[in-house]
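Those protein sequence lines, which keep their order, are chains A and B.
Counted the way our numbering counts, the first sequence spans residues 8 to 242.
Counted the way our numbering counts, the second sequence spans residues 120 to 338.
Bear in mind the hints are in silico, worked out from the structure with no lab data behind them.
This one's a predicted model, so the numbers in the text were calculated from it and none came from an experiment.
Quick list of simulated restraints, FRET-style, between CB atoms:
| id | chain 1 | residue 1 | chain 2 | residue 2 | range |
| --- | --- | --- | --- | --- | --- |
| 1 | B | I159 | A | G140 | 39 to 47 Å |
| 2 | B | A196 | A | S240 | 16 to 24 Å |
| 3 | B | H268 | A | D67 | 29 to 37 Å |
| 4 | A | E106 | B | K288 | 28 to 36 Å |
Straight-line distance between alpha carbons at most 25 Å, and here's what the computed SDA-like set of lysine to any residue pairs gives:
| id | chain 1 | residue 1 | chain 2 | residue 2 |
| --- | --- | --- | --- | --- |
| 5 | A | K230 | B | D182 |
| 6 | B | K243 | A | Q81 |
| 7 | B | K157 | A | T237 |
| 8 | A | K168 | B | D182 |
All C-beta atoms in this analysis are idealised placements derived from N, C-alpha and C, irrespective of residue type, glycine included.
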Amino acid sequence: MSGFDKVVHSYEEAMSGLTDNMTILAGGFGLCGIPENLISEIKRKGTRGLTLVSNNCGVDDFGLGLLLPDRQIQKIIASYVGENAEFERQMMSGELSVELTPQGTLAEKMRAGGAGIPAFYTATGVGTPVAEGKDERQFNGRDYILEESITGDFAIVKAWKADRYGNLVFRKTARNFNPMAATAGKITVVEVEEIVEPGQLDPDEIHTPGIYVNRLIQSTFEKRIEQRTTRPSGE
Amino acid sequence: MALSRDQIAQRVAQELQDGYYVNLGIGIPTLVANFVPKGIDVMLQSENGLLGMGAFPTEEMVDADLINAGKQTVTMATGASIFDSAESFAMIRGGHVDLTVLGAFEVDVNGNIASYMIPGKLIKGMGGAMDLVAGADNIIVTMTHASKHGESKLLSNCTLPLTGRGCIKKVLTDLAFIEIKAGKFHLLERAPGVSVEDIIKLTEGELVVEGDIPEMELG
Chain A
8 MSGFDKVVHS YEEAMSGLTD NMTILAGGFG LCGIPENLIS EIKRKGTRGL
58 TLVSNNCGVD DFGLGLLLPD RQIQKIIASY VGENAEFERQ MMSGELSVEL
108 TPQGTLAEKM RAGGAGIPAF YTATGVGTPV AEGKDERQFN GRDYILEESI
158 TGDFAIVKAW KADRYGNLVF RKTARNFNPM AATAGKITVV EVEEIVEPGQ
208 LDPDEIHTPG IYVNRLIQST FEKRIEQRTT RPSGE
Chain B
120 MALSRDQIAQ RVAQELQDGY YVNLGIGIPT LVANFVPKGI DVMLQSENGL
170 LGMGAFPTEE MVDADLINAG KQTVTMATGA SIFDSAESFA MIRGGHVDLT
220 VLGAFEVDVN GNIASYMIPG KLIKGMGGAM DLVAGADNII VTMTHASKHG
270 ESKLLSNCTL PLTGRGCIKK VLTDLAFIEI KAGKFHLLER APGVSVEDII
320 KLTEGELVVE GDIPEMELG
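Using the sequences and the hints given, assemble the complete structure.
This is the structure we're talking about:
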């Protein structure tokens, strides 16, 4: 028995404790590196009034877009949205509240949230609608705005490999927002393609240490591609 | 003749230098990668977490875990590195990227840029554009000089919500290469066959024209 074993065996168990009106941080960029099965579990559970923090909101029938038809999301904090029709409809009708946040600021809000930093100054957004209502201050003659960090009741994360202790390795650009989300959830749930025994991952190659991870589940993934762009073979 | 999209990209590519780390936005800026001058090495940064973006993959090489900021499948160049989004924007905000090329709806004489939102119409979000314009010193904006209806996009004041304030110094349109200095546009080059008068007519903001304005040289 090890108190460090984070593995759970069902999605129900993985998302237990999630209740209405909670805040969830989600990893992923577009449909790349999204915790697709954890999202499906939230859909199945029917949890409502959620605040989602994620770079994007999926497409109509995949990713976080799945939570739209049953009006499960009350508010989304994202940098780029609107790849789906239902999202646009709910946003225009005011059913869904959208807080557009610059991508780098969003990443830093999660990073800072997980690192115990309540706010930070950034030049991003100065003089734009993003700066409205925020403190402004000069450092070395340049203007900066104060951005508050973000934490969540849950973080849902997709990694490539993990050991049972929750040490994580991501694969290629499926890393994106996942490591920051992992640090900033009160309960961080990670789904992976492969779970190995502790000691089997090279400690030097671990991207996210297991201290941030509460629950770990192994699954299979559709990994849908949004923009399949290729060149002819033999070029 | 106004420049084609490829020709705009071709002219921008002349600004690349050996050893540059470059972030290319979606649209015309992406095409710049096709015109990197021979004998020069540049490394492309994709803000979703890739430095050293390669060509599009062949059908057999397609990997759902490897995309660019436009969500297109890509490959990695030799010497590429992968990192998370916070690290990616640390590079961008920290001023480590040598050149950023991005599109816009409007630019004005004070270097303001509007590129992400048309109120009541297009509300998709700024993505990484606000971070890119705030973090980079060397930015080239590519866009058409005027709308299809002949309305200038080079203004005394941007009318749309801003992406960044006072951060743009160079604009390459289908008609002209323009520098922004001390609250004015300065005409540096004109597209082949386009007259200075044509450019003046389609530039709403104050445009300084000094001496003979050379035609752009395209490969």
